[in-house]
Amino acid sequence: MQRPLLFLLLLLFPLLSTAQRFQRIRGTVVDKETKAVLIGVTVMVSDMAPAPGTATNDRGEFSLDSIPVGKHDITLSYMGYEGRTLRDVLVTSAKEVILPLEMEERVVKMNDVVVTRKREHINDMALASTRTFDVQETERYAGSRSDPARMSSNFAGAQGGDDSRNDIVIRGNSPQGVLWRMEGVDIPNPNHFNIPGTTGGPVSMLNSKLLANSDLFMGAFPAEYGDAVAGVFDVRLRNGNNKKYEFTGQLGLLGTEALAEGPISRKAGSSFLVNYRYSTLQIFQGLGIKVGTTSIPQYQDASFKLNFPMGKKGDLSFFGLGGLSRIDLIVSTLTEPEPQLYGESDRDQYFKAGSGVVGGTYGITLNDKNYMKFTIAQSASNVWALHTKVFRNASFAVDSMKDVLGYDFNVASTVAHWYINKKISPRQTLKYGIVNKYYSVSFLDSSRQYPTSRQDWQLRENYKGGTDLVQAYIQYKLRPSEVMTLTGGLHAQYLTHNGSKALEPRAGMRWAASGKDIVTAGYGLHSQVQPLYQYFAHLPQDPPGIMQNYNVDFTRSHHFVAGYERILGPHLRLRTEAYGQYLYNVPIERRIGSSYSGLNQGSTFSRNFPDTMQNTGTGYNYGIEATLEKTFSKGFYLLLTGSAFDSKAAGNDGVYRNTDYNTQYAVNLLLGYEKKIGKYSTLTTGAKATTIGGKLYSPVDVAASNALGDIVVVDSQRNSLRFAPYYRVDLKLGIRINAKRLTHEIAVDLVNVANTKNILSLTYSSDLAAQGVAYPFYTQYQLGFLPIFYYRLDL
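So my numbering is basically just the index in the sequence shown, starting at one, shifted up by 373.
These aren't lab readings, by the way, just hints derived from the structure by calculation.
Everything numeric in this text was worked out from a predicted model, so none of it was measured.
Heads up, the beta-carbon is just placed ideally off N, CA and C, and yes, glycines get one too.
Accuracy of the hints is not assured; some may be wrong.
[Said to hold, decoys possible] Estimated spans, in silico, between C-beta atoms of each pair:
no. : residue 1 : residue 2 : range
1   : I919      : L624      : 48 to 58 angstroms
2   : V481      : N743      : 22 to 32 angstroms
3   : Y618      : P473      : 38 to 48 angstroms
4   : L859      : Q987      : 21 to 31 angstroms
5   : L1056     : D1026     : 50 to 60 angstroms
6   : R963      : F620      : 41 to 51 angstroms
[What the hints assert, rightly or not] Below, a list of computed lysine to any residue pairs in the SDA-like style, where the Cα atoms sit at most 25 angstroms apart:
no. : residue 1 : residue 2
7   : K775      : S1138
8   : K1052     : A424
9   : K1130     : Y1154
Put together the whole structure using the sequences plus the hints.
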């Protein structure tokens, strides 16, 4: 390992030994509540001696020139406002650092004392169960693949469900209970190869290079968020550079991409930011380069943001995100049995999907007390698939083929979000708003796959129409003292097609008991719409107009959280949080003795068509979490997270069983170290070790499985068995080189470096059954060793 690294350094030596490298740090500072510009804020690079400093101008802008490349701390101070310190801001030679900053007015005005505190999260109405992440975290953590969803699995209380997907399992809840929001509006599943009723996928369309700091809520979230019972991922896009044109190009295993940003009008301060990515494996295939499989995932995506300042008080922006994906999983050409990671072993599968959202947002400071914002967006998604069953003889040769499944699902939605944020006083803030989301849908689904002898098609869905989800909220924040913050609110929602409605109280508390001890608590009642296609499905024996689940109500959930945080040092803190969650109104089947629960769906590549449902199911989750975090300092960071929990759900038989996500524990250890090489280049390293309780599975009924042609479990023993615990180690190695006016970065992410064989599931094989095998099931494994490389150039 040492010789190749030395050889690489020798090749790069001319770049490592160049002249002094400097860059500019600039940005804006506004009042957190009203977005009014703050004039005269002192901004300093506090880790340097002497500390360079400046003050904001009449537009709230600041600029710090000739800052050496590396990582720096930026400190803000302003009379009457709480000070802020941003630690470890990365400065490179290629791109300016642009910081849009907010400051919060102090409850008690002080003439000559400035108290500086770390910003816990962006949304100050969220006082518990919230984690803010930044772009550096997304790209720094080993195994995260620069994917915000996969990065979040490092946090206590969140974990992934499957190596091949980036679903977010929060505190034992289904990933289906997670809401994705971007720029203030709800968006469809932002992943390639997405399946209706899920919120994850194999490859994210969200590009970390476009993201600003964003929030992940994991319980008792503020009143402005609805239609979710597990959590909310609220992402924001940054603005492009409005003074200078900049470019990023990247070649990597997960995609070849280009990003450009710069001013539309320097005088007006407007800017653009645009990115495009194309599947690298598809490029290799087009060039005739063999990659070891003919089932090449094909995908491309693009995103943009245009920003137009409207004087000192207003801001207009337009944004968009979209992607296309397709894959053909062909097994008819195989000459021997081979388990399929993404598909089934007995059929050729043709799949394509596309989704996107475009929108505009306008925010304006109405006066010194009120800020208003309006966002409107249009989204659309399409998923199409065709499955062709392959019948083989005893020698595994193809005997015949027939189409057995086809579907075409389309959902378009128009969503609008309007709100006013009112600063009543430094102690009190009121926020209220309306969210309206109209869905226009077209669902077509037909199957004749089970049993394998079936010849007639079973039409399960054929519907075109629409429904509207109307939401309204009000929330209030009170700061009776510098150390105490209280929040309360109400959220209401109404679904027009069947009249489902909910009124949900929310509350939170944060008490800084001392300079080092913080106590938090929260409560919330939350409700969520069912997967849209399930409302409009019908039993095959019924005509399309008789939809057995048309009137199913919201799933509902009570959240209770309490936390304690101890600040152990400037860069070291310990967080603990306990929670309880009671879910009710859960859809379950009316079939007597059924163990089915809606809490177990939402994390596979398959849709789910339950029998007639009723809202009488219940479930619960409870647990405790702990996080020890040393933020980046002196070239080193550490994150140790652990959670222990229990997750149960009851079906129509009234028996509480393990949910599909009740792994009972999860532990992550992340380490990272950066070392300067020469003056202006840095060696970056990272490691991650993860262990999670084994996935659950159910005893199989062999005779029933053979008769149907698919796996049939013993219903009364659902999730009574457990696979071996999951264990994985990831490594990341890279080098960042600050040359003159450009930056190179080369890195490799070694996922599952020990090639550990973690079990994913038990799968039925019709081929083994045809051969007379007594137990026609094979074990399907998670991903093995996967090296993911990239080379990035910033200029």
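Going through the hints against the structure:
Hint check: I919 to L624, Cβ distance near 54 angstroms, so the stated range 48 to 58 angstroms holds. Distance hint check: the CB atoms of V481 and N743 are about 23 angstroms apart, consistent with the given range 22 to 32 angstroms. The hinted range of 38 to 48 angstroms is not satisfied by Y618 and P473, whose Cβ atoms lie roughly 19 angstroms apart. Evaluation of the 21 to 31 angstroms hint for L859 and Q987 yields a failure: the beta carbon distance comes to about 39 angstroms.
Take L1056 and D1026: their Cβ atoms lie about 58 angstroms apart, and the range 50 to 60 angstroms holds. Take R963 and F620: their Cβ atoms lie about 59 angstroms apart, and the range 41 to 51 angstroms is violated. With a CA separation close to 17 angstroms, the supplied pair K775 and S1138 stays within the 25 angstroms bound. A hinted pair counts as satisfied when its Cα atoms are at most 25 angstroms apart, and K1052 with A424 qualifies at roughly 20 angstroms.
About 6 angstroms separates the Cα atoms of K1130 and Y1154, which keeps this hinted pair within 25 angstroms; it holds.
In the structure shown, a violation is registered for the earlier hints numbered 3, 4 and 6, in ascending order.
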